[in-house]
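Start from the sequences, fold in the hints, and give me the full structure.
According to my numbering, the sequence shown is numbered sequentially starting from 8.
Note that these hints are calculated values from the structure, not bench results.
Some hints here could point you the wrong way.
As the list claims (entries may be wrong) - Cross-link-like lysine to aspartate or glutamate pairs, in silico, DMTMM-like; alpha carbons within 20 Å at most:
#  : residue 1 : residue 2
1  : Lys42     : Glu10
2  : Lys149    : Glu102
3  : Lys18     : Glu91
4  : Lys42     : Glu21
5  : Lys131    : Glu172
6  : Lys155    : Glu168
7  : Lys131    : Glu91
8  : Lys149    : Asp109
9  : Lys18     : Glu89
10 : Lys42     : Asp16
11 : Lys42     : Glu31
12 : Lys149    : Glu112
13 : Lys108    : Asp145
14 : Lys108    : Glu168
15 : Lys18     : Asp43
16 : Lys149    : Glu172
17 : Lys149    : Glu106
18 : Lys149    : Glu103
19 : Lys108    : Glu151
20 : Lys131    : Glu120
21 : Lys155    : Asp109
22 : Lys155    : Glu106
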Amino acid sequence: MPERKLYGDAKLIEALLSQMQLMEEAAGGWAAVYKDTSSGRFWMKCYTTAGEQGSGGYELLIRLPLPTTQELIGLAILSPNEDEAVAAIMRLLEEEAVEQKDFREQLVTQLEELTGESITPEQKQRLREIITLTSLSDPMNKREVLGKTAAQVQADVAYFEAVSERARQLLRVL
Numbered sequence: 008m009p010e011r012k013l014y015g016d017a018k019l020i021e022a023l024l025s026q027m028q029l030m031e032e033a034a035g036g037w038a039a040v041y042k043d044t045s046s047g048r049f050w051m052k053c054y055t056t057a058g059e060q061g062s063g064g065y066e067l068l069i070r071l072p073l074p075t076t077q078e079l080i081g082l083a084i085l086s087p088n089e090d091e092a093v094a095a096i097m098r099l100l101e102e103e104a105v106e107q108k109d110f111r112e113q114l115v116t117q118l119e120e121l122t123g124e125s126i127t128p129e130q131k132q133r134l135r136e137i138i139t140l141t142s143l144s145d146p147m148n149k150r151e152v153l154g155k156t157a158a159q160v161q162a163d164v165a166y167f168e169a170v171s172e173r174a175r176q177l178l179r180v181l
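Structure representation (structure tokens):
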């Protein structure tokens with residue numbers, strides 16, 4: 008079984024953190040770095056507002072170095088752990104909102120490639136959940152518009168419309 012990179016289950020995170028050493032805390036507790044003394048690995052606990060888990064955001068525990076966009080997409084699609092898959096999606100959404108990191112084109116392309124294969128009903132359900140949780144089928148422009156020309160804004164609008172149409176086509180075949 009591959010080693011996990013993310014946790015999104017608050018109770019599991021609490022249990023894991025009780026076995027780790029706090030190294031650094033920032034932003035009033037909204038982010039912290041821990042060291043797993045048994046493995047020597049570092050982990051970051053943070054909260055994302057992309058998904059709410061009770062009050063104050065969705066708690067994540069992420070192994071450092073931070074996973075790349077491609078790794079997060081892979082975890083969302085393939086992780087056998089539901090909380091890890093959801094945590095990967097929440098991280099993708101947070102990086103899009105805060106760091107303007109795009110993932111939608113890569114994600115929809117990978118999902119399209121998977122639907123061409125024979126996939127199980129469980130895998131189809133996972134793909135539908137990914138499309139829903141990421142709002143991949145929503146054509147609304149999620150990029151900043153301030154400081155952009157009308158042509159740049161229109162290009163962003165066209166991008167989101169194209170991705171959402173591809174996602175809606177996927178939903179029809181799933």
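Here is what the structure says about each hint:
With a C-alpha separation of about 16 Å, the suggested pair Lys42 and Glu10 falls inside the 20 Å cut-off, and the hint holds. Note on Lys149 and Glu102: the hinted pairing holds, with a Cα-Cα distance of about 12 Å set against a maximum of 20 Å. A distance of roughly 13 Å separates the Cα atoms of Lys18 and Glu91; the hinted pair therefore holds under the 20 Å criterion. For a cut-off of 20 Å, the pair hint linking Lys42 to Glu21 stands: about 14 Å separates their Cα positions.
About 18 Å separates the Cα atoms of Lys131 and Glu172, which keeps this hinted pair within 20 Å; it holds. The hinted pair formed by Lys155 and Glu168 meets the criterion: a straight-line CA distance of about 18 Å does not exceed 20 Å. Our distance criterion of 20 Å between C-alpha atoms is met by Lys131 and Glu91, whose separation comes to about 18 Å. Of the pairs offered as hints, the one joining Lys149 and Asp109 holds, with about 10 Å between alpha carbons and a cut-off of 20 Å not exceeded.
For the hint linking Lys18 to Glu89, the alpha-carbon distance of about 14 Å falls within 20 Å, and the restraint holds. Using a Cα cut-off of 20 Å, the hinted pair Lys42 and Asp16 holds, with the two alpha carbons roughly 19 Å apart. Taking the CA atoms of Lys42 and Glu31, the gap is near 10 Å; set against the 20 Å cutoff, the hint holds. The suggested pairing of Lys149 with Glu112 holds, with an alpha-carbon distance near 13 Å, which does not exceed 20 Å.
Distance restraint check for Lys108 and Asp145: the Cα-Cα separation of roughly 18 Å lies within the 20 Å cut-off, and the hinted pair is therefore satisfied. As the CA atoms of Lys108 and Glu168 are separated by approximately 18 Å, the hinted pair is consistent with the 20 Å bound. Distance restraint check for Lys18 and Asp43: the Cα-Cα separation of roughly 17 Å lies within the 20 Å cut-off, and the hinted pair is therefore satisfied. With a C-alpha separation of about 15 Å, the suggested pair Lys149 and Glu172 falls inside the 20 Å cut-off, and the hint holds.
For a cut-off of 20 Å, the pair hint linking Lys149 to Glu106 stands: about 12 Å separates their Cα positions. With a CA separation close to 9 Å, the supplied pair Lys149 and Glu103 stays within the 20 Å bound. Distance check on the hinted pair: Lys108 and Glu151 sit about 12 Å apart at the alpha-carbon level, within 20 Å; holds. A distance of roughly 13 Å separates the Cα atoms of Lys131 and Glu120; the hinted pair therefore holds under the 20 Å criterion.
At most 20 Å may separate the alpha-carbon atoms for a hinted pair to count; Lys155 and Asp109 meet this at roughly 17 Å. Of the supplied pair hints, the one linking Lys155 and Glu106 holds, its CA atoms being roughly 17 Å apart against a limit of 20 Å.
Checked against the numbered hints given earlier, the structure satisfies every one of them.
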